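Protein chains in written order, with the working numbering: chain S, 100 to 233; chain X, 100 to 233; chain E, 100 to 233.
Don't read these hints as lab results, they were simulated from the structure. Small disclaimer: the values here were computed from a predicted structure and weren't measured. Hints are supplied without guarantee of correctness; some may be wrong.
Stated by the list, open to error - Listed next, the stretches of chain E that the computed footprint assigns to chain X, with coverage defined by at least 3 CB atoms under 8 Å from CB atoms of chain X:
{"no.": "1", "segment": "174 to 181"}
{"no.": "2", "segment": "184 to 195"}
{"no.": "3", "segment": "209 to 221"}
Glycine included, C-beta positions come from ideal geometry on N, C-alpha and C.
Here's the letter readout for the chains.
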Amino acid sequence: MLEKITFKTKPDEIIDITDKVQSVVSKSKKDEGAVVVFVAHSTCAITTIEYEPGLRKDMPSILDKIAPKSADYEHNKTWGDGNGYSHIRASLIGPSLTVPFEHGELCLGQWQQIVLMELDTRPRERTVLVKITS
Amino acid sequence: MLEKITFKTKPDEIIDITDKVQSVVSKSKKDEGAVVVFVAHSTCAITTIEYEPGLRKDMPSILDKIAPKSADYEHNKTWGDGNGYSHIRASLIGPSLTVPFEHGELCLGQWQQIVLMELDTRPRERTVLVKITS
Amino acid sequence: MLEKITFKTKPDEIIDITDKVQSVVSKSKKDEGAVVVFVAHSTCAITTIEYEPGLRKDMPSILDKIAPKSADYEHNKTWGDGNGYSHIRASLIGPSLTVPFEHGELCLGQWQQIVLMELDTRPRERTVLVKITS
Chain S
100 MLEKITFKTK PDEIIDITDK VQSVVSKSKK DEGAVVVFVA HSTCAITTIE YEPGLRKDMP
160 SILDKIAPKS ADYEHNKTWG DGNGYSHIRA SLIGPSLTVP FEHGELCLGQ WQQIVLMELD
220 TRPRERTVLV KITS
Chain X
100 MLEKITFKTK PDEIIDITDK VQSVVSKSKK DEGAVVVFVA HSTCAITTIE YEPGLRKDMP
160 SILDKIAPKS ADYEHNKTWG DGNGYSHIRA SLIGPSLTVP FEHGELCLGQ WQQIVLMELD
220 TRPRERTVLV KITS
Chain E
100 MLEKITFKTK PDEIIDITDK VQSVVSKSKK DEGAVVVFVA HSTCAITTIE YEPGLRKDMP
160 SILDKIAPKS ADYEHNKTWG DGNGYSHIRA SLIGPSLTVP FEHGELCLGQ WQQIVLMELD
220 TRPRERTVLV KITS
């Protein structure tokens, strides 16, 4: 089973997508397996985090030290779209995550949520793929 | 098949869990497949590394440049638990890894081990999930 | 199905391996699934990126801020091979990626390619494993 879920995002936004992923697991009626969560875009990323307001500010702040918005990027010379930092951040964090599930429930920690990170410069519509594997 | 393995950890510790993951692959008696290794906590991570004493010091040292222990984090204002850097590091490295296996053996490089990285501020007990997929 | 693909690489090189991965998906004749891409070496990494000349320069440049080639590494004291930064970079980005496919085609974004990143100090021959899961 493969489902596609669409999200409207804003720059630097981190969106908790755990419930949406759990819905696909529940709908599959499978007891045990692993679910692949993949974002089909080159300027956003998928990971886990404790979803609370402090970390949602800390993460963009640390990412701006790793790949600063204000730095010069060769990418911007190619396209002139000013999102070189977005691509670099996305490649470092990565677009895919695989989470086991058991008794029809994602095996996440108590403070661990699955998130989509918008890393681009403007609001976007994003597609996340959720694939159940056996 | 889904197995849970528990590890006792110390801050900044990197633990070689390759043998434990291989044991689950062997126990499954499957010849070929892929194994998902997932840590169900928001302040530790799973990756591969050459498991030797030098890199076990270099990694925490580089991580302290990326997300310094001494920096201010909004997360610490939310909870007062002082582990904002732990969460950021964990989200950047990620909690999941998928490794193919063949002839019942993990397809790892000669100098490549699967590791659990403890990123939190105090000793913890951690659960790693090992899920065999077909 | 598990296939092994070999690549000859140069230091700091980023290689677009999307077509090779798609070939394995096509050869499997499966309509839907997920493909695991794994590099069995401790000094290179797998991720996605928009494969264009600018970013292929920006990525090594940002990585050199994260784990500089010129820094001192304990790893180099152990082996004297001078690639401590290669190991650290590889562990941070990670060796594995899982991509869903549908109608026999990888579900990638329009500007999103699967890449092998060579992070070591000299030309190498590298093996990438491509495993089809159901």
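Quick rundown of the hints versus the structure:
Residues of the segment 174 to 181 of chain E with a Cβ under 8 Å from some Cβ of chain X number 5, which satisfies the need for three, so the listed coverage holds. Counting residues of the segment 184 to 195 of chain E whose C-beta sits closer than 8 Å to any C-beta of chain X gives 8, which meets the bar of three, so the coverage hint holds. Counting residues of the segment 209 to 221 of chain E whose CB lies closer than 8 Å to any CB of chain X gives 0, which falls below the minimum of 3, so the coverage claim is violated.
Going down the numbered hints, you'll see the structure goes against just number 3.
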